[in-house]
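**Q** Residue numbers (the working numbering), protein chains in the order written: chain A, 1 to 546; chain B, 1 to 59.
One or more of the hints may lead you astray.
To be verified - Within a straight-line C-alpha distance of at most 27 Å, the following computed DSSO-like cross-link-like pairs (lysine-lysine) qualify:
1. B:K24 / A:K406
2. A:K26 / B:K39
3. B:K24 / A:K382
4. B:K26 / A:K382
What the hints assert, rightly or not - Cβ-Cβ distance ranges computed for the label pairs, FRET-style:
5. B:E22 / A:D236: 21 to 29 Å
6. B:A37 / A:G312: 32 to 40 Å
7. A:G390 / B:K16: 15 to 23 Å
8. B:I50 / A:D458: 48 to 56 Å
No lab work stands behind these hints, which were simulated from the structure alone.
By construction, the Cβ of each residue, glycine as well, lies at the ideal position given by its N, Cα and C atoms.
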Amino acid sequence: MRPAGRAQNESLYFNYPFFSAPQGKKRDHLTSNTEVVIVGAGPIGMTAALALAREGVKSVLFDNKSTFNDGSRAICVARSSFYIFEALGVSSAFLEKSLGWTTGHSFYRGQKILEFQMPDSSEEKFRPMYNIQQQYIEKFLWDAVSVNPLIETRWQSEIIGIKKKKNECTLRIKDPEEIYETSSNWVLACDGAHSSIRKFLGHRLKGENYEGRYVIVDIKMEHDYPTIRRALFDPDCRRGGTVLIHKQPDDIWRIDYQLNDNEKTQQALDENNVRDSVSAVLKDLNYNGSWELEWWSVYSANTLALDDYRDGKVFFVGDSAHIVPIFGVRGLNNGFSDAANIGWKLGWVLNNKAGKELLNSYSPERRGATIDVFYNSSKSSKFMTPSTYGWKLMRDAALSLALKHKFAGELANPRQFTPYKYSESTAIIKDTNENFLGGPKPGEPLPEIKIDAGYLTDLLGEGFTILCFNKDTSKKLDEIIPDGISVVLIDLLSRASKLLNVENKSAYIVRPDGYIAARWKNITPEKIIKEFYKLIFKKDMSHDRK
Amino acid sequence: MTENKIEIVYEAIADKIDNLGEEKAKLFLAKLSLLLANKIEDTSFVLNAIDDAALSLNQ
Ligand SMILES: Cc1cc2nc3c(=O)[nH]c(=O)nc-3n(C[C@H](O)[C@H](O)[C@H](O)COP(=O)(O)OP(=O)(O)OC[C@H]3O[C@@H](n4cnc5c(N)ncnc54)[C@H](O)[C@@H]3O)c2cc1C
C-alpha cells in the first residue's frame, strides 16, 4: 500500500516501467507450439528463463501484469543467489546497487544483547547477505531477459486454464485482445504464492500457519546507521513484540514490526496507524530527523509447501511451491535456487545431454531445502514470536539473562546461513570408502577460497567441471571427455587442494549449479568418465564427443 | 553438595522468590535454570534433571 494521494506504483525512488501485451507482428505466432512455457515473470520466472537460455533452450514467459511487482517485498539476497546471478551474467548490476552486510545487532528493551557475524572472510567472493529492493532485483533480471533472443515475454497475458495431455500441456491465455490456446512440452509454474497453475491442477500447499503477523514498512530517511540488521525485542515502542530494521539502497529503510494478538490486521494497515507505529520505532532508535512513507504491507509467517514440486511435465518453482516465514530470508533465495536447479536439469535433458531421470531429482532436492528452512525458521519463529506460555517464558528468561550473559544472547542468533546439502540426492554420487579426511562432501556447494587469479569458483565451466590434480589425468581427460564438461587442473600443492583434501590421483566433479556431484581420493580418468555417465543418467558414451 | 551447602542454596532461592513476589518468580526460576544449565557440560544430565523435576507434578 502507498500513502493517500499516491498511485499504486508511485514510488519515491523507483520508476515502474509499463509493458504492453504482444502487438502487431508479434501476434502472428501466438498459438504455435513451444518447448517450454514459463508462467509468471516475477523474479523466479525470469531467473528460470535465463537459466534455460544459458543452456541454449528457448522459452516463452507469460505474466498477467503490465509492470514489476509492487513494493520492495523481499530485500535480503544471500550469497548463494549471487553465484546464480553470476552464472547468468547479471551479478554486476546487483553488486553495484546492493548493500552487502555481515553483522546483526539484537537489542532487548533497548540494550544490546547480541552482535552476530555471518560466516565471512577474505576467502569469500561474495558477502553473506546483500540488501536490495525487489523492484531492482526484477529490473536487473528483466534487463537481461529483455535482450535475450531465446526468451519471448508476453506481458498482460494471463494463463486461465491448463490441460495435461500425454506429451504436452495445452494452455489457455487471455490478453487484452483475445483468448487463445497454445501447447507446450514443458511448463514451469513460477506464478507465485497464489499460483493458478497449482489450483488448476488441483494441488494444495500443506503445512502450518504461524500466528505471527508483521507489518512491513519502507520509509525514506537520512539515517547514518550502517548496513546492520537490527532486531529489537520487547522494545518501548512495541511491548511484547519484535521489530526488525534493515537498510536498503536509496536511503530507504525497512521496518518490520510484529502485531500483537489484539491488533486487527485491517486497522494496523491504516495509514495513520502505520505512521504512528513507525514514529514510535524511530523514537526508540533516537532518530529525530524527517522521514517519508514509501510503501507498506502485511506478511504472516507461514510454512507451507507442496508435497511434490512436479506434476508430470509441470514443475513448480519459487513461491508457487513453497511459502516460508520472513525471518529465514529464504523465500526468494530458495526460489532462485529452485530456478537454477530446474534450469540446468531441464536444459541438459532437452539437449539430450542427460537422461530424463535427472529431472526426478528436482523435487527431492528443492523440497528438501524448503523443509530445512521450515525447521530452522520455525525455530526462529518460536523465538521471535513464541505462541505458547512455556516458549514465551523461556524466551523472556533468555533475553533477560542476555543483558549480562553472552551465552543467552546467542539464543537470539537467527543462524540462517548454512546452505542446504543435497546429500541424499540421486543426482550426486555419495562417498564410498574413499577415506577423505575432510573437504566438502558430494551434495555440498563447492567451498570458496582465494587462488592466484581470483577465486576457486571462477575456474568452473558452464556445464559440469572435473577438478583434477595432476597433469597426466588432466591431459587424458581432455582427450576423452564428452561435450559439456570442462577439465580444470589444480596444483596439488595449492591451498585449494588442501581445502579439498586431495592427493595426486584425486578428482572432484562439480555440477553446473556449483554443487559437488562426486569425488574420489584415487581414480583413473576412464573411471571418472564412466561415473559421470551415471550422474547424468546416460548408459554409454553415445552422445556427441567434443 | 553436602547437606549444609544445599541448605544455603535452598534458603537463598526461597528468600529471592519472596523478595521478587509470585509474579516474577517464574521468570526468575527460568533464568536461574538457564544460568546453571549453561555451566554443566553434560547435556543429558540436564535433560534428565528436567524430567526428574517434572515428576509427580502431573498428577
Ligand atoms: C506483500 C509482500 C511482501 C513480501 N515481503 C517479503 C519480505 O519482507 N521478505 C521476503 O523474503 N519475502 C517477502 N515476500 C515474498 C517474496 O516477494 C516472494 O518470495 C517472491 O516474490 C517470490 O517470487 P516468485 O517469482 O516465485 O513469485 P511472484 O513474485 O509472486 O511472481 C509471480 C508472478 O506470476 C504472475 N502470475 C500469477 N498468476 C499468473 C497467471 N495465471 N498468468 C500469468 N501470470 C501470472 C504474477 O503477476 C507475478 O508477476 C513478500 C511478498 C509479498 C506479496
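**Q** All hints, please: hold or fail.
**A** Here's how the hints hold up against the structure:
no., hint, in the structure
1, B:K24 / A:K406, "22 Å, holds"
2, A:K26 / B:K39, "71 Å, violated"
3, B:K24 / A:K382, "22 Å, holds"
4, B:K26 / A:K382, "19 Å, holds"
5, B:E22 / A:D236: 21 to 29 Å, "26 Å, holds"
6, B:A37 / A:G312: 32 to 40 Å, "52 Å, violated"
7, A:G390 / B:K16: 15 to 23 Å, "22 Å, holds"
8, B:I50 / A:D458: 48 to 56 Å, "51 Å, holds"
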